[in-house]
Amino acid sequence: MRSGLGRGHSVVNRKVSSSQEILKVALQLVQEEGIQAVNMRRLAKRCQISLGVLYNYFEDKNDLLLQTVAAVWRDILIPDQAGHLNRSSQPLSQAFMTLYQLLAEGAKKYPHFFSQHTLVFSQSQKSQANEQMDRYINHLKGYLLQCLEDDPDIRNQAFEKHSADQVVDFLFAIFINQVMQGKLDIGLFIDFIDRYLYDH
Numbered sequence: 002m003r004s005g006l007g008r009g010h011s012v013v014n015r016k017v018s019s020s021q022e023i024l025k026v027a028l029q030l031v032q033e034e035g036i037q038a039v040n041m042r043r044l045a046k047r048c049q050i051s052l053g054v055l056y057n058y059f060e061d062k063n064d065l066l067l068q069t070v071a072a073v074w075r076d077i078l079i080p081d082q083a084g085h086l087n088r089s090s091q092p093l094s095q096a097f098m099t100l101y102q103l104l105a106e107g108a109k110k111y112p113h114f115f116s117q118h119t120l121v122f123s124q125s126q127k128s129q130a131n132e133q134m135d136r137y138i139n140h141l142k143g144y145l146l147q148c149l150e151d152d153p154d155i156r157n158q159a160f161e162k163h164s165a166d167q168v169v170d171f172l173f174a175i176f177i178n179q180v181m182q183g184k185l186d187i188g189l190f191i192d193f194i195d196r197y198l199y200d201h
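With the first letter of the sequence shown counted as 1, position 191 gets the number 192 in our numbering; the numbers rise by one all the way through.
What the hints contain is simulated information worked out from the structure, not anything from laboratory work. Quick caveat: nothing in here was measured; it's all calculated off a predicted structure. Please note that a few of the clues may not be correct.
Taking lysine-lysine pairs in the DSS-like style, the calculated list, with each CA pair at most 30 Å apart, reads [claimed, not checked]:
no.	residue 1	residue 2
1	Lys109	Lys62
2	Lys127	Lys109
3	Lys46	Lys110
4	Lys142	Lys127
Now the in silico label distances, taken between C-beta atoms and shown as ranges [to be verified]:
no.	residue 1	residue 2	range
5	Asp195	Glu22	41 to 47 Å
6	Lys127	Gln29	21 to 27 Å
7	Gln102	Asn63	27 to 33 Å
8	Asn178	Asp61	30 to 36 Å
Yeah, the Cβ is synthetic: ideal placement off N, Cα and C, and Gly gets one too.
The task is simple: from the sequences and hints, build the whole structure.
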């Protein structure tokens, strides 16, 4: 049986039979052609299953896209490697550096994903996508806040005018905005954090 994948594709020549396997194929499609290439008919062909079978796993294209985008973010932010976030607390500047490295690797693995993933949703669907993204952001902010709270070397006056939550919100907003625009000077950013938090 022909796979319908063509040359150069690494997916095994067999039908997939679970939502997890289907999402793995969807991730490969995002890597190769971008999130905008993901649709029900194309994915069914890649997986060698009928559209009817695919609808057993995903309600519609919107559901497929939401789950695919979530799977990409999981793959970027929680890869199978010892040094990723959530392993243990670390200095805030190092936590941001780790996050920066994960996002940089994710940008290479999934070209244009950061700029395109919100464009595939209609206006009415964007609220669902934003809620999903907010969960990841809140998870990351929670980890960054924990890094602050666990660091014994932070100067006593660091949070006299602004709370730890405010500091994390401010730094994260700058970080994510600059990363998405491809303008972040990570060295300057890390130096700013260290100068603000520690006595020199």
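Here is how each hint holds up against the structure:
| no. | hint | verdict |
| --- | --- | --- |
| 1 | Lys109 to Lys62 | 26 Å, holds |
| 2 | Lys127 to Lys109 | 25 Å, holds |
| 3 | Lys46 to Lys110 | 23 Å, holds |
| 4 | Lys142 to Lys127 | 22 Å, holds |
| 5 | Asp195 to Glu22: 41 to 47 Å | 44 Å, holds |
| 6 | Lys127 to Gln29: 21 to 27 Å | 25 Å, holds |
| 7 | Gln102 to Asn63: 27 to 33 Å | 32 Å, holds |
| 8 | Asn178 to Asp61: 30 to 36 Å | 32 Å, holds |
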